[in-house]
Amino acid sequence: MNLSQLRGFVYTAQTGSITKGAKKAFVSQPAMTKMIKELEEELGVQLFSREGRRIYINEYGKLFLTYIEKGLDQIDYGVNAVLETSKEKRKPIRILVEVGSLFIPEILHALKTVYLDTPIQLTQKIVDENDFQKFDFVISTTRNSESIELLEEEIFVGTAGDELTSNIVSIQDLMQLPIIGLSNQLALRKTLDTYFNEYKLNLEYQYESDDPATIRELIDNHAGVSFIPAITWAKNGENLHLARIYPNSPTRTVYLSVSAFKSTETKTKQKAIEVLRDLFKSKEKLKLLF
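With the numbering used here, the residue at position 13 of the sequence shown is 345, and numbering never jumps.
Calculated from the structure, these hints are not laboratory results. Treat the hints loosely; a few may be bogus.
Derived DSS-like pairs (lysine-lysine); straight-line CA-CA distance at most 30 angstroms [unchecked claim]:
| no. | residue 1 | residue 2 |
| --- | --- | --- |
| 1 | Lys-457 | Lys-402 |
| 2 | Lys-615 | Lys-466 |
| 3 | Lys-356 | Lys-366 |
| 4 | Lys-366 | Lys-355 |
| 5 | Lys-402 | Lys-356 |
| 6 | Lys-457 | Lys-599 |
I would like the entire structure built from these sequences, with the hints used as guidance.
Shown next, in the form of structure tokens:
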């Protein structure tokens, strides 16, 4: 007994004709006749009553049909479920990393331990926060009802030059220094703009760039002072003269946001959340102290 025989039986029973059943199954009429005969021999009963060239499903056939139709439906559901899951695995995982660019190699490696055979697409900048919904994972300072906190960090001022003479700098003194900063579309700049707006201050930037790596190069080349998050920029801050902003040092919180996921994705995405949370937790030991 095989699926071809069972489907042939169902098509014949549904159409009331071996000819029509064969056409629906894309086989010849003799092949369909043979399949029905073999199925009846295996079951030991006739499934159809025959009157000349016409056939009629009998009581055994009707009983068998009620189970086989349901069984074939379940098989089709199972096949489709596997195919859909397979498609989901091949569909790229999209991640937006707005903060923590120095951690990107480790972030991608962590995700790859979960999504072994799945391509990963990385984005670092977007214009509109409404675009968040296009991503499977978002690492940013934007919080929503589903966000998971990854870390909180203080933001210092740092320089490779001699602009800072103390471990504390007032906001008023900071205003007099040559400041290097990210452009106002980026997350760190938005955090700082919000902070200084509370003091009704507008910083004038000597240099601006939308590339964090460029800002770090400018700092290392004594172009001025800049803002150094205590964990996500710790690697760069180690060799700088750091100062805490007085009276209230700015801070920021980094969150992980995850898109709504299907029930078939639940375990996989939960595992991805765990590995990303563990990765950021491990970075807390890098926190700059002075």
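Going down the list of hints, with the structure as the test:
The straight-line distance between the Cα atoms of Lys-457 and Lys-402 is roughly 50 angstroms, outside the 30 angstroms bound, and the hint therefore fails. A C-alpha spacing of about 27 angstroms is found between Lys-615 and Lys-466, which places the hinted pair at or below 30 angstroms, so the restraint holds. With a C-alpha separation of about 16 angstroms, the suggested pairing of Lys-356 with Lys-366 holds against the 30 angstroms cut-off. About 15 angstroms separates the Cα atoms of Lys-366 and Lys-355, which keeps this hinted pair within 30 angstroms; it holds.
A distance of roughly 18 angstroms separates the Cα atoms of Lys-402 and Lys-356; the hinted pair therefore holds under the 30 angstroms criterion. Using a Cα cut-off of 30 angstroms, the hinted pair Lys-457 and Lys-599 holds, with the two alpha carbons roughly 28 angstroms apart.
When held up to the earlier numbered hints, the structure conflicts with hint 1 and nothing else.
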